[in-house]
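Numbering-wise (our numbering), the sequence shown opens with residue 1 and increments by one.
Everything labelled a hint here was simulated from the structure, so no lab data went into it.
We treat Cβ as the ideally placed atom computed from N, Cα and C, and that holds for glycine.
There's no promise every hint is true.
DSS-like, lysine-lysine: derived pairs with alpha carbons at most 27 Å apart [to be verified]:
no.	residue 1	residue 2
1	Lys33	Lys64
2	Lys64	Lys98
3	Lys33	Lys96
4	Lys64	Lys95
5	Lys127	Lys33
6	Lys33	Lys23
7	Lys23	Lys96
8	Lys96	Lys64
9	Lys98	Lys23
Restraint-style ranges between C-beta atoms, simulated for each label pair [said to hold, decoys possible]:
no.	residue 1	residue 2	range
10	Lys23	Arg97	35 to 41 Å
11	Ser10	Arg68	23 to 29 Å
12	Lys98	Ser16	17 to 23 Å
13	Lys23	Asp94	32 to 38 Å
14	Asp93	Glu69	39 to 45 Å
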Amino acid sequence: MALETTDQRSDDPVISIGILASKVGLSVSTVRKYEIEGLLIAHRSASGRRMFSLEDIDRVRKIKHMIREVGLNIEGIRRIQALLPCWDLFTCDDKKRKQCSAYREAARPCWMVKHVDCTGQDNDCRKCIIYRFGSQCTEDIKEFLHEESRGKDQSEAMRKLMRRSEGDK
């Protein structure tokens, strides 16, 4: 079975959990743990089978790197990802921001917070730019936050980090 085709998008769920685990050198139970802990969102097929995308391979490799080589734990990664400001990328007004549980939640990234109104994303977190590239920018969050504190355009700063991360692949 060829995993990469010209008509396939990198975020299409086409890989089983076993294949994903094998490709990244982890056990299936570790990949499940990443999902349970909110670092990974599995697509569920009609039969309930977990399916992952080609992007998920990179996401899991990055998580593995942050745990094994950087020295972070799952909670640390989750808290860093919680700093990613979806409310600025999607320009939520002040009223909506104050009501948003993702804005108020300090310990979990927006895709783990229930009842988040991401109207521009149709509430499909797997397709959201924050989720898709959040783990790619985690190590560079300090640079991103410095850009924010200097009053620069946060969405442009995030896009710059994503372009740089994509160049590292």
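A quick look at each hint next to the structure:
Our distance criterion of 27 Å between C-alpha atoms is met by Lys33 and Lys64, whose separation comes to about 12 Å. The hinted pair formed by Lys64 and Lys98 fails the criterion: a straight-line CA distance of about 34 Å is larger than 27 Å. Under the criterion of a C-alpha separation no larger than 27 Å, the hint pairing Lys33 with Lys96 is inconsistent with the structure, at around 33 Å. Note on Lys64 and Lys95: the hinted pairing is violated, with a Cα-Cα distance of about 38 Å set against a maximum of 27 Å.
Between the alpha carbons of Lys127 and Lys33 the distance comes to roughly 21 Å, so the proposed pair stays at or under 27 Å and holds. With a C-alpha separation of about 17 Å, the suggested pair Lys33 and Lys23 falls inside the 27 Å cut-off, and the hint holds. For the given pair, Lys23 sits about 41 Å from Lys96 by alpha-carbon distance, which is inconsistent with the 27 Å threshold. Among the hinted pairs, Lys96 with Lys64 is inconsistent with the structure: their alpha-carbon atoms are about 35 Å apart, more than 27 Å.
Pair hint Lys98 plus Lys23 does not hold up; C-alpha atoms about 42 Å apart against a cutoff of 27 Å. With their beta carbons about 39 Å apart, Lys23 and Arg97 fall inside the hinted range of 35 to 41 Å. Roughly 24 Å separates the CB atoms of Ser10 and Arg68, a value that falls within the hinted 23 to 29 Å. Checking the proposed 17 to 23 Å range against Lys98 and Ser16 shows it is violated: the Cβ atoms sit about 42 Å from each other.
Restraint check, Lys23 to Asp94: a C-beta distance of roughly 44 Å breaks the suggested window 32 to 38 Å. In this structure the hint that Asp93 and Glu69 lie 39 to 45 Å apart at CB holds, the actual value being about 41 Å.
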